[in-house]
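Undergrad: The chain contents come next:
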Amino acid sequence: MIEILTGSSLNTIQDFGRPHAMAMGVAQGGAMDRLALSHGNLLLDNPVDAAGIEIVFFPFRVRFHAETSFAVTGAACPATLDDLKLPRDWAITARPGQTLTLRAPEQGARAYLTFRGGLDVPPVLGARSTDLKGGFGGLEGRALQKGDRLSCLAASTLRMPAAGYGLTRPCPLPPADRTRIRVLPAAEHDVFTPESLQTFHSAAWTLTPSANRMGYRLEGQNVLKLSRPLSLFSHGILPGTVQVPPAGQPIIQMMDANTCGGYPKIATVIAPDLRLLSQTVVGTPVHFETITRDDAVQIIRREAAELIRLAAEIATLRTQLVF
Amino acid sequence: MTRIHMAGAGGLLLDAADGPFSDTTQRRIWATSRELNTRPDVLQTIPGVNNLLVTFDAVQTDPSAMEELLRTVWTQASAEEVPSREIVVPVVYGGAFGEDLALVARFANLTEEETINAHMAGRYSVAAIGAMAGFVYLTGLDPRLAIPRRDSPRLRVEEGAVVIGGGHAGMMPCTSPSGWHILGRTDLCLFDAFRPEPGLLRLGDTVRFVRAS
Chain A
1 MIEILTGSSL NTIQDFGRPH AMAMGVAQGG AMDRLALSHG NLLLDNPVDA
51 AGIEIVFFPF RVRFHAETSF AVTGAACPAT LDDLKLPRDW AITARPGQTL
101 TLRAPEQGAR AYLTFRGGLD VPPVLGARST DLKGGFGGLE GRALQKGDRL
151 SCLAASTLRM PAAGYGLTRP CPLPPADRTR IRVLPAAEHD VFTPESLQTF
201 HSAAWTLTPS ANRMGYRLEG QNVLKLSRPL SLFSHGILPG TVQVPPAGQP
251 IIQMMDANTC GGYPKIATVI APDLRLLSQT VVGTPVHFET ITRDDAVQII
301 RREAAELIRL AAEIATLRTQ LVF
Chain B
1 MTRIHMAGAG GLLLDAADGP FSDTTQRRIW ATSRELNTRP DVLQTIPGVN
51 NLLVTFDAVQ TDPSAMEELL RTVWTQASAE EVPSREIVVP VVYGGAFGED
101 LALVARFANL TEEETINAHM AGRYSVAAIG AMAGFVYLTG LDPRLAIPRR
151 DSPRLRVEEG AVVIGGGHAG MMPCTSPSGW HILGRTDLCL FDAFRPEPGL
201 LRLGDTVRFV RAS
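Protein chains in written order, with UniProt numbering: chain A, 1 to 323; chain B, 1 to 213.
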């Protein structure tokens, strides 16, 4: 049993979301930084998509009422289990009565707290992710509040060193001074004026405070304009889509984005870089770089292969550390 | 001319729109969607209004092969008939529940009463489902009411809001940001994740708006 000691309207239970429910209009949802959630689950020998807590509001504190193995991954936030400082991307077993505290990140924006077995909340439409907009999934379809108690799915005890163990190469985070995002051209890319395309690629776009699980609004000195008026029928959109409403400032669709929309789309952020954006702090300059689809596929395949390699490495590491 | 655009590495958007909304094109879109859903390498198909988004796993599937498949299935698809039910939606128009009624009336050069009547006179068809869980894109809006979406979306539109935008009618199944204009409010439950069939409406259903008594 895990007790939440700090409430907020933003910390939610997330897994990999509901990609198969999009035809019903249900947001894909799921962890904004899937790789960080995956790393936590790998450290705990869970399925990569087991449900954990996505934390964006700090300080965040939980008390363990039973012996529980957990991992903290994602943003570089100072983490302490009672008085013990935990390194980044670390897994350890808490004793009953111990308190974990996560403080505001020094780098990155979202931390993931995962537990051996994964959080035991009822799956809704095929996932345990919280859909805040729809009000379902996670714990009663809402963010975690002070006093909430969560339990984990049954799993065998995980043997690990008493001081815990972690990744030698933690999940990469965007540097504090700029985030570089790789994109593919989207449907209306060529309808933007040449100056706008130039601006899109060369300008520093600032991440505004209007950034949540649905979308990240960016702001630049020059606005993006179409070379002719467009009136688009509503169409399906995916997380990563860079929409440009008539105001001319781009909005990047994130995991809880609407499944359809009607604004022109200039580009789509490639999946591996969307997590970097989700770890970007408000006020940071964001730069777009257009790549080819072949390059994007190579990057995505490399990341998938890397995750498989990492899973094997962690399994080996755990055996060596314990025995 | 049908175009296929990239929607990231693992997505393709087939855009068959050619001028005004075409019911025949829409039925072909549904047929294409249904056919592609039988394919194991297709993750998801999301029919839009005269367009179709297809997603797949770019780790396993070559995007150009998927593009070829999409083109072939679309070319061979014919407009299909789907069973249609009629759903009646009671609406409280105007006042605090319809904050854009006056704006829409001015746009249409109608009185507020004429605007309400024009909205109720339409026989709407569910062309697409999306944006948010259970939101339906209704075709059949009186062209005089085809007001463009807001330049910048409202950050909060209440559940039940009866809205129009981009030539379509719709209803908000949950409270959410939206760029559409608000005419009134209904208390119908449009989506419930815990119902055996979560969405109230299906593709092809007919919708009629009436004044709530």
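Read the hints as simulated data drawn from the structure, not as lab findings. From the three backbone atoms N, C-alpha and C, an ideal C-beta is built for every residue, glycine too. Among these hints, one or two may not hold up.
Covered stretches of chain A (chain B as the covering partner; in silico rule of three or more C-beta atoms under 8 angstroms from a C-beta of chain B) [what the hints assert, rightly or not]: (1) 71-77; (2) 122-135; (3) 182-194; (4) 229-241; (5) 292-303.
Here are some of the chain B residues that sit facing chain A, going by a computed Cβ distance under 8 angstroms [to be verified]: (6) Gly11; (7) Val49; (8) Pro198.
Take a look, some chain B residues computed to stay more than 10 angstroms from chain A by CB distance [unchecked claim]: (9) His5; (10) Met6; (11) Glu35; (12) Glu68; (13) Glu86; (14) Pro90; (15) Gly94; (16) Ala105; (17) Ser125; (18) His168; (19) Gly204; (20) Arg208.
Undergrad: Could you check the structure against the hints above and give me the numbers of any it violates, in ascending order?
TA: 1, 9, 10, 18
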